[in-house]
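Protein chains: 2
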Amino acid sequence: MAPPDNRYDIVIVGAGPVGILLSLCLSRWGYKVKHIDNRPVPTATGRADGIQPRSIEILRNLGLKRALMACEPAKVFDVAFWDPLPGGKGIHRTGNWPSCPRFIDTRYPFTALVHQGKIEKMFLDEIEKAGTHIQRPWTIVDFNNTGKDETYPVEVSLKCLDTNVIENVRAKYLFSGEGARSFVRQKLGIEMTYKDQISFVWGVMDGVVRTNFPDIQTKCTIHSDSGSIMVIPREDNMVRLYVQIASSTDPDWSPRKTATAEEVQEVAKKILQPYSIEWDRVEWYSVYPIGQGISEKYTLDHRVFMGGDACHTHSPKAGQGMNTAFHDALNFAWKLHAVESGFARRSILESYETERKQIAENLLSFDNKYASLFSKRPPTAEEVGNARSSAVNAEEDDFVKTFKSSCEFTSGYGVAYEPNLFNWSPSHPATSPLFSIDGVKLTPGRVFTPSSVTRLSDANFVHLEQEVPANGSFRIFVFAGSPVKNKKAIEDFALNLEKEKSFLSVYRRLDINNVSYFERHNPHSKLFTISVIFAADKNAVDIQSLPQIIKDYHHHIYADDIPDVRVPNAKFSAHEKLGFDPEQGGVVVVRPDSHVACTVQLVEGSGTVDALNAYFGSFSTSQLGQTSPSHL
Amino acid sequence: MAPPDNRYDIVIVGAGPVGILLSLCLSRWGYKVKHIDNRPVPTATGRADGIQPRSIEILRNLGLKRALMACEPAKVFDVAFWDPLPGGKGIHRTGNWPSCPRFIDTRYPFTALVHQGKIEKMFLDEIEKAGTHIQRPWTIVDFNNTGKDETYPVEVSLKCLDTNVIENVRAKYLFSGEGARSFVRQKLGIEMTYKDQISFVWGVMDGVVRTNFPDIQTKCTIHSDSGSIMVIPREDNMVRLYVQIASSTDPDWSPRKTATAEEVQEVAKKILQPYSIEWDRVEWYSVYPIGQGISEKYTLDHRVFMGGDACHTHSPKAGQGMNTAFHDALNFAWKLHAVESGFARRSILESYETERKQIAENLLSFDNKYASLFSKRPPTAEEVGNARSSAVNAEEDDFVKTFKSSCEFTSGYGVAYEPNLFNWSPSHPATSPLFSIDGVKLTPGRVFTPSSVTRLSDANFVHLEQEVPANGSFRIFVFAGSPVKNKKAIEDFALNLEKEKSFLSVYRRLDINNVSYFERHNPHSKLFTISVIFAADKNAVDIQSLPQIIKDYHHHIYADDIPDVRVPNAKFSAHEKLGFDPEQGGVVVVRPDSHVACTVQLVEGSGTVDALNAYFGSFSTSQLGQTSPSHL
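Top to bottom, those sequences are chains A and B.
For the first sequence, the working numbering gives the first residue as 1, with consecutive numbering after it.
For the second sequence, the working numbering gives the first residue as 1, with consecutive numbering after it.
To be clear, the hints were calculated from the coordinates, so they are not data collected in a lab.
Because the structure is a prediction, the values reported are computed rather than measured.
Treat each hint with caution, since some may be false.
Below, a list of computed lysine to any residue pairs in the SDA-like style, where the Cα atoms sit at most 25 Å apart [unchecked claim]:
{"id": "1", "chain 1": "B", "residue 1": "Lys129", "chain 2": "A", "residue 2": "Arg234"}
{"id": "2", "chain 1": "B", "residue 1": "Lys577", "chain 2": "A", "residue 2": "Ser452"}
{"id": "3", "chain 1": "A", "residue 1": "Lys577", "chain 2": "B", "residue 2": "Pro109"}
{"id": "4", "chain 1": "B", "residue 1": "Lys571", "chain 2": "A", "residue 2": "Arg102"}
Take these sequences, add in the hints, and give me the full structure.
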């Protein structure tokens, strides 16, 4: 057995997007992390991905949005389509549409384009602050889940590539964020499966150009008689061009086919005719083969896990790599935390693979549909217009449906987890007539919708969905409706929260008597933050008269009194936009990754807290509530 | 005569708020700046001021807002009033109101509170980047406007306080940002005059407190039987308390009266009863006497100028010091630039004193009215409600009028310069029936209203009022109305801009043939940026068909197609909010400091450009337009 100081909560291999987000969360949440990467230094250039709207929300929830925006990323709000003119006369614009149309309710309706090295750097700075140092260049040479040590069952051998020194450590978990050529995946004997048997060779070039092509600052898909190109604007006057060099459908296909930078520039010049293009300089150029594959499993034993490119590879033009990796890491981080904090049963770790693999499959199959759909024709202005009006409409045609899904897909808001223990549905083991509220436009498994409210402690206008940082806590939003009408319902809610067997009491902090005066989010339990939003003007809420257990969350009491352009005639915009009756209100449970878990009616009596006890009791280690949950 | 390398465009004395903003502008705009400060190091602690909403706009226009927000300032959205309960039972809240109510159209409806040292640091970093190094500890020992050298008439003697070495330099201008005890002002023999003969001694304390006082995170004015206090939230859980220790109206008045930190804490404890307060630590404590004075002149010779606290001192509770200094500096910077770039006649420098001194006088007289008004009673909820509806309303009562003015005053939007050569009025020398547009809600001399539009070059949603950075250029916003209806008007506008005697042609860049491909703002003249906003959906504007001179501003062509919560039913929000007919449009000239200069109707023929030529010709060094401006 390794000496005690060689024992870690987790060993993370790889400091790409999935590894750094996981490392940051777990380091901040108090875990002992061993994190290695086989590259001597972080990414220096190239390899940018677009940061999708939903990923920007995630970065903000981690406190990284300001650092992202300080990189002055190019912002892509729009995609333009260019197609051949008849008679070999070059290309013309045939359409364009917003990359994140208004039917998607986001604060960031754009993709931010920025050099991956800068994104990595902002994570690395924060990981260091959280006490974890990434060791480079180190690689993993062996691992085994021996089970000899019940608490630290995984033995891992790591090697320093500078000195060849081997270090053996024990860990509760091993996580591979190694990328497509994962040693961990190979040793586990897990196969990649391919949704589509077609592989590609892509050329990608970043540079500063001079051109009279009018859409050079816009994302463009250009089809011409001389080939196809994708244009992506970048920071610092740069432009990225993606050129498909070979496809396994070509008669002379070889995954080793290549092209020089000059050859790609010549192709680009031909494709862009009648417009001209010249390069001031080329910043980065690379050619690489890629297939669209998914790992059959993300784990075998729920101790050794994988995420990011180790589990799924995509064509670069889908712009998914970094975003999917972020979602993988956040999904895994909070579930590991739920188990290791003693809250959730170990079996919930299974949902990491079921949730994330399903999304990877959706993305890959969508990527293909998307490509074939728009190689036929872009949507018309009318179709885009129709798509604006609502997110779901039974009568819309297939084309509009596919267009909408494609927007959700490229914005990151298409991540919709299926019903399971975390995402309530009528088949969930927790049963109560209060689950699900008619008219509420929040779907379990989908991300919580943004809304703006006034925080009463300091009268600040705030973004409700960002009020609890990514700290592993479930967020319980009590849309309290009318403070007068619901006075008793709120008192009963508080009374039942205080009962010995409530989720809040059973998972009370052990250090509750020493909780800091300045604690904002977790006065009672590190697993939950309660927020209360009144459908009232700021001055109509009397905080002093609220029950003490609610007052303990005094940084999370809000008035729903800020106008919202999406519901211009609403008096209580947040309630009304989300579909809550501004008299009745209702409760939303949001997972630590900002996805909706369930909605529960707010009623007088014990029913509301009973339903929450049943929901949390369906996966908690201890029994909750006064009666046994039905599934035990 | 000093050797050539001892000649500067300007010597700036003092690196407080007025000095650093002026230094940053002039250094960036290419001037040779000598900048000294007599303190060995920048401000380390204390001395914060609130950054007003309008000042946040200014910082953003200088590219400093992100750095400001990275300081995580406390944000004050609201002011609460506490008054004594009858019978010595302590205090109770009697009212509160937004510090920047919705009738003020700003993106930043809050005051940001942050340690002055942090604000200075972000300026100092940028000043260094712009090539100016602030020398410390240096002081000014003498100066004379000898006039011996026509170009560099001012001789200045500076002394290093470490070595006692004297350096003599020549400068075009000398600027004193020395603060209240200005050597320059004393040597010029300029008196301070006092609006109100009352002086005060204030105690101010920053610290981390524990209290059950519910409004500790809100700005509060507290009157009690034991005295008065002002509470200002700060960053990092800190709170600032202002306590008035003495007033010249006291029977035992002495400007040297003082109090220890412990004494102030005891007073605070008594005032806050029945609430309790304890200090974890005190970060900074100071006692200082202050009077409300204004310098009689800001300059005598239009070569030696003063600004900031050298010209006006206020009570700290008005929170004006840093904000007024910023406005002083920006006002002076662009006028100096207009003269030194050869554009404006030297006499325009007179308007620095007339504009800024008037504002200082308004502020001081307002400060007194404000204090006396609200010591009587805070406004009622109904009065605040009434004040929301509109900015100007003849029927409202005096109380509401004063309340509104007080909000404008504390937000920085009360800066309304009087008509003069820059701020068009019917008595302006430039005459044309096209000046001033019925219904347009923009007032010459007041700041330009924010609006959101889509930038066509990259489809980004942008803040129109921030699209041209603070670079000394006038901003000409052409609200182009309907692209179809106004096609000829835009073509005629372009045609007349191209004429030999137009403002744009006469002040053409000398380096116009070498202007960078990547130049965003000043393709023709460093003095003007033209922006064109169409009342149309993004896809309805065909940029290719616009006149070339407009296309040269391709980063400044916009579609007015973003909804605005202030005009929820408008189709073209920016046009309609500002009061432009969405068919007709109209032109707004905005000064380099973001204040409106004039509005001109957009018509077919030469009239629109003729009016602009007449406007600019009223202060330009060269004659503009085809006919002589009427005043020559």
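Verification of the supplied hints:
About 24 Å separates the Cα atoms of B:Lys129 and A:Arg234, which keeps this hinted pair within 25 Å; it holds. With a CA separation close to 22 Å, the supplied pair B:Lys577 and A:Ser452 stays within the 25 Å bound. The straight-line distance between the Cα atoms of A:Lys577 and B:Pro109 is roughly 23 Å, inside the 25 Å bound, and the hint therefore holds. Under the criterion of a C-alpha separation no larger than 25 Å, the hint pairing B:Lys571 with A:Arg102 is consistent with the structure, at around 15 Å.
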